[in-house]
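Colleague: Produce the complete structure using the sequences and hints provided.
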Amino acid sequence: MKSENLTLNKNGKFEINFTLNGKEISAQVKPKETLLEALRALGYKGTKKGCDTGDCGSCAVIFNGKPKVSCLMPAFAAHKAEIITIEGIGSVSKPHPIQEAFVEAGAVQCGYCIPGMIISTKALLDKNPNPSEEEIKHSLDGNLCRCTGYVKQIEAVKLAAKKLAK
Amino acid sequence: MNIKQVYFPKTLKEALSLTKKKNSVFIAGSSYSFKNIPSQAEIAVMGSNLPLTYIKKDSKNLILGAGATFADMEENKICKTLFGGVLAKAASACSSQLIRNMATVGGNLAHPNAFNLMPLLCSCMDAKVKIMSSSGTKTVLWKEIYGGKYKAGKDFLITEILFPLSYSKNIFYFEKVSKIKSSWDSYITVCFSLELKKSAVKNISLAFSALRAIPIRALEAEKKLIGKTLDSQTISEAADLCAQEILSVHKGSSWEYKAKLAGNLTSYFLSTAAEAK
Amino acid sequence: MNETKNFKCVNKRVAKIDSLGLACGEPMFADDIDIKGLLHAKILWSPHAHAKIKNIDVSKALKIKGVKAVLTYKDVPRIPHTTAGQGYPEPSPYDTYVLDNKVRYVGDRVAAVAAETLEAAEEALAAIKVDYEILPAVFDQLDALKDGAPVIHDEKDSKNIPDAKRNIAAKFDFEVKNSEWFKEADYVIEQTYRIPYFQHCAIEPHTTICYFDHQNRLIIRTSTQVPFHVRRIVAQALNIPVKNIRVIKPRIGGGFGSKQEVLEDIVAALALKTNNPVKLEYTRKEVFVSSRTRHPAFMRLKTGVKKDGTITDADMEIILNTGAYGSHALTVMMCSGSHTIPMYKVKNNIRFSGKSVYTNMPVAGAYRGYGATQGFYGWETQMDMMAEKIGMDPVEFRKKNYIKLGEGSPVFKAMGEGREGVEQVITSIGLDEAIERGLKEIKWYDKKAEYEKFNKTSSRIKKGLGMACLMQGSGIPEIDMASATIKMNEDGSFNLSVGATDLGTGSDTILAQIAAEVLCVPNTDIIVYSSDTDLTPFDVGAYASSTTFISGNAVRKTAEKVRDMIIEVAAKILEEKAENLYLADKHVFSKDGKKVSFSEVANTSLYYYNQHQIIASASHTAHTSPPPFSAHFADIEADTVTGEITVKEYVSCIDCGTAVNPTLAEGQNDGAVVNGISHTLAEGLEFSPNGTPLNANFRRYKIFTSKDIEKIKTILIPTYEPNGPFGAKSVSEIGINGPLPAINNAIYDALKIRLFEAPFTPDKVLSALEKKVG
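Same order as they appear, the protein sequences are chains A, B and C.
One point on numbering: in the numbering used here, the residue at position 38 of the first sequence is 38, and numbering is uninterrupted.
For any residue, its number in the numbering used here is found by taking its place in the second sequence, counting from 1, and adding 1000.
For any residue, its number in the numbering used here is found by taking its place in the third sequence, counting from 1, and adding 2000.
By construction, these hints were calculated from the structure, which means they are not laboratory data.
Please note that a few of the clues may not be correct.
Said to hold, decoys possible - If you want the ones that stay clear, here's a sample from chain A, every Cβ over 10 angstroms from chain B, calculated:
#, residue
1, 28
2, 42
3, 92
4, 141
As the list claims (entries may be wrong) - Chain A is faced by these chain C residues, among others (derived, beta-carbon under 10 angstroms):
#, residue
5, 2013
6, 2016
7, 2119
8, 2179
9, 2196
10, 2253
11, 2283
12, 2461
13, 2502
14, 2666
15, 2669
16, 2671
17, 2707
Idealized CB from N, CA, C, for every residue including glycine.
Modeller: Structure follows, in structure tokens:
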């Protein structure tokens, strides 16, 4: 079977189709564009740019089931992929228990790292519903935070695990 | 960077025919490649759909598919148990979770860099690499993929990394010394392997990375250790030789510390192994 | 003081009002909006540490498709100013220009471009031709003071530079001499301490969007801690009226002092030139190099101590590296003494001699701790050294000497922040309890005995414990001012409008709690809007740990005025005298049990009778700056094979008066502590011999991740500060000052080595260990 391929259209962009937060969407992306830039241009402002070098994790999204740094990925790599951003996890009117846990535990200060933290947390708890403190720290080590010192964030993940267990 | 076409090949044959094209670039996990695409590249060949994500074992080797990620390696039962768990341990020391989820072992081996972990593991265990080109598949010693006129990701693709089970009875030691725990770089990263027979050294690998693009095996020290028992004199001499080997690469104050670490870690490893016996 | 027990809203762990939105990825930050026709700005930074721009040719850059403006020093007003976000007149040299014909560090501004795409802007940068005359450069503050050192600010029009020829951007000397120096001391210890370049690493890079409203006023939407200072200084630097500018602070992704700096001028200049909206987003590298950093410090501390534990003399000299421009040069330097020396009683003589020195290096500015971080590294290490010299337990030595309730210090009056300070005495202090609780929590004495035994037999790992005591300030007395406005709505809810700047600290929430406490409503009935120079009253901004203490008092006063207005209306409704009425639970009650709801009061005032809007404003400045106090305890493991230090447990007990929101107070302190541990063990900008930064990215400038922390515990020690709103003092800065000395002291306990140069990276530890053995 021939592989799908992408060719530049007359606007100099690739036409890609992918699943974003459960919805099928199409987008036109420039070759140099990172997945982070493309998502923000599509209006998904929850995913943040902190360093653009894959070191801070504030751009993390769930890509084909695994949390990855979208600033290192080409936008065209999203073609035929399944992506979940923070907006797909929960909203203010219908928050996910992980989001509620972060609020209750006081784990949100400036909030800039939080979408990425919650993405990593969701991926962790999906795979490991009852992680140890070591496992939590290990799974969140790609999400830099300068406000909280991670103390209440680790508590938030434990609280989230409890909430999800109910 | 001038990418005009993107392919997502599902078979190796297809991938190879694409990478042979002029101005093509192969992107494995994208933790490194996308931001380093050469300006003349016009065709991107994505490795994400290739059937190379397995980790398995046969009678001779532990086999890592080139598309397996560091996260896969870290969680894999075989990697956690064989070789004293050193493959899983090393994988968990790679950068951070988000990078481990993306970085492939093949990509890590293909782009030689002082801080990459796959070359270190391969160096320690004299691993072999299976490569596929348009003329077929062959298995070579890991080092042979560098420096030749045939480039990984262009003229051939790495399909498997093979760690010989003959090492599986050895004592292993992995340590990465860096300023913080989740770090891509380090002052020094070591992977040691030792086989003792009746308290004498039968087999020893002392591999050091974070120094040069290709890890350093302390061959002088290893040679001197063969057949010896691990008394404190022997250990001390071996440690000194390792330190000197590191200093011979480069002088300068930051390298003095690296050399010190090389010596200290060698000494610690050998003393601990001796005591355990 | 048991006032806290009766609080209904203050001292409660209410949810931070913006947390849920942030957790759901709501678009709340500066860059989270889309504006039609937005141009992208890029700045050309200097590749040289010190050079004159002999010629700059932008003609090719202007021809590039999509490029709308290219600015050089020829295109902008030359008005000396400071970028320091401080109250006017700013106590910093006016030595900065929007664009200049000289560059003074690698990363200094050369030119600015606005273009339709980032690619076009980058292309334009590459097309700008600059002829530099390279000048000799100097990188270390001690070298910059030497005869023959290159003069970095040789321009004629800069102002307020004490001694430009010697590169001195600020200096201050103070002495109290009661007897002959060191005469009474049994031991004299003199030691130098060094701190390198640290950077704040707020996860959101500096981001500014300038656009125009329907009246062609310039709107600056920016990630800032100081919206009002931004408005004033942009107006000054570009010579435009303040009334033509509106500054809006959205949610910001951390500041820690790096955004207490006015860098918006260049974006405004581009917007004005193109008449288009313009966005500038710093890259992470640009944040490291071209925003602001902590002041590297060289400190010399000479102290005298008697065998009975009396500190007889203290002679502190500090020379800060302020980098190429003198932003916060005087104030950080003064705080290194004013926030540290009063900590302990010094019997006879005190001397402080401070300088901030220009070098051709990145510009240092405000950073959490603000001089006290540098000062306490020296002081709290030296306290341990003195204790050891006289054979006294370091805990007892501190207890014997620290300032007590009701006591003052000659330093308070002599040294403020940029000018003379105010006379004050300590009006609240919980340091004794902080020390006791910390010793208990970390099991200090048990572990000391256990570790002494352990270290005798363990070969690779050694364990140790160390402590430090700290103070800070709560705002700048008689300088910092805050104001608030509260109005009442018909359902009994209130709008609270404050200039105070929430950087993620939760100030919106705690200010609502303070208002709610006075008005006897839940904090969720207070709708907060903050930091908009058009719509909110003045506030100096978030720095100097001033928000709770000063803005909080402004809110309290405002709420009290509104309360009086409510009572006045209720008095009419209930036909009662005002003095017989009180507020409780969204109602006004009379002493004999009559009541009227807030909504009835509001509707009456809005619609029925003597219609008026219940609304009031109030301002507050303070006459004192009551210090918070803290005791820090570190439990570390030292690896003698690699030199790595691991902090196994870190306990900090902080007296911040009443914690308006204990969860937020703990969170602030946790973050400050971990930042401190991180810079103690892993951080530092590195430079090439020609002043080029080598590790200006998160890959090579290491900050702690979740894997680097083990047990971190913040314990709040309640006291009641009579001058603070409901007893509150400040909390946000003090925590960052403890780790350097506490960990240094713990390393000494484990390895019997002291480190006098931060950070304590493994190579330094191993090297010190070898020197000791050898």
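Colleague: For each hint, tell me whether it holds in the structure or not.
Modeller: Here is how each hint holds up against the structure:
For residue 28 of chain A, the shortest C-beta to C-beta distance to chain B comes to about 14 angstroms, beyond the 10 angstroms cut-off, and the non-interface label holds. Here residue 42 of chain A stays apart from chain B, with its beta-carbon at least about 19 angstroms from theirs, past the 10 angstroms limit. Every Cβ of chain B is farther than 10 angstroms from the Cβ of residue 92 of chain A; the closest lies at roughly 26 angstroms, confirming the non-interface assignment. Its beta-carbon lying about 4 angstroms from the closest one in chain B, residue 141 of chain A breaks the requirement of being farther than 10 angstroms from that chain.
Taken as an interface hint, residue 2013 of chain C checks out: its beta carbon lies about 7 angstroms from the nearest beta carbon of chain A, inside 10 angstroms. For residue 2016 of chain C, the suggested interface contact is upheld, since its CB lies about 6 angstroms from the closest CB of chain A, less than 10 angstroms. With a cut of 10 angstroms, the hint placing residue 2119 of chain C at the interface with chain A holds, because the nearest CB-to-CB distance is about 8 angstroms. Checking residue 2179 of chain C against chain A: minimum C-beta separation of about 45 angstroms lies over 10 angstroms; hint violated.
A cut of 10 angstroms between beta carbons decides the hint on residue 2196 of chain C: the least distance to chain A is about 18 angstroms, and the hint is violated. Satisfaction of the interface hint for residue 2253 of chain C is found here, the shortest Cβ-Cβ separation to chain A being roughly 3 angstroms, below the 10 angstroms cut-off. A cut of 10 angstroms between beta carbons decides the hint on residue 2283 of chain C: the least distance to chain A is about 7 angstroms, and the hint holds. With 10 angstroms as the threshold, the beta carbon of residue 2461 of chain C stays out of range of chain A, its nearest partner Cβ sitting at about 19 angstroms, so the hint is violated.
Given hint, residue 2502 of chain C at the interface with chain A, holds; its Cβ is 9 angstroms from that chain's nearest Cβ, closer than 10 angstroms. Hint status for residue 2666 of chain C: holds, given a least beta-carbon distance of 7 angstroms to chain A, under 10 angstroms. For residue 2669 of chain C, the interface hint holds, the least distance from its beta-carbon to any beta-carbon of chain A being 9 angstroms, beneath 10 angstroms. Annotation: residue 2671 of chain C was flagged as interfacial toward chain A, and the flag holds, the nearest CB pair being 5 angstroms apart, inside 10 angstroms.
Restraint check, residue 2707 of chain C versus chain A: the minimum CB separation of about 4 angstroms is within 10 angstroms; hint holds.
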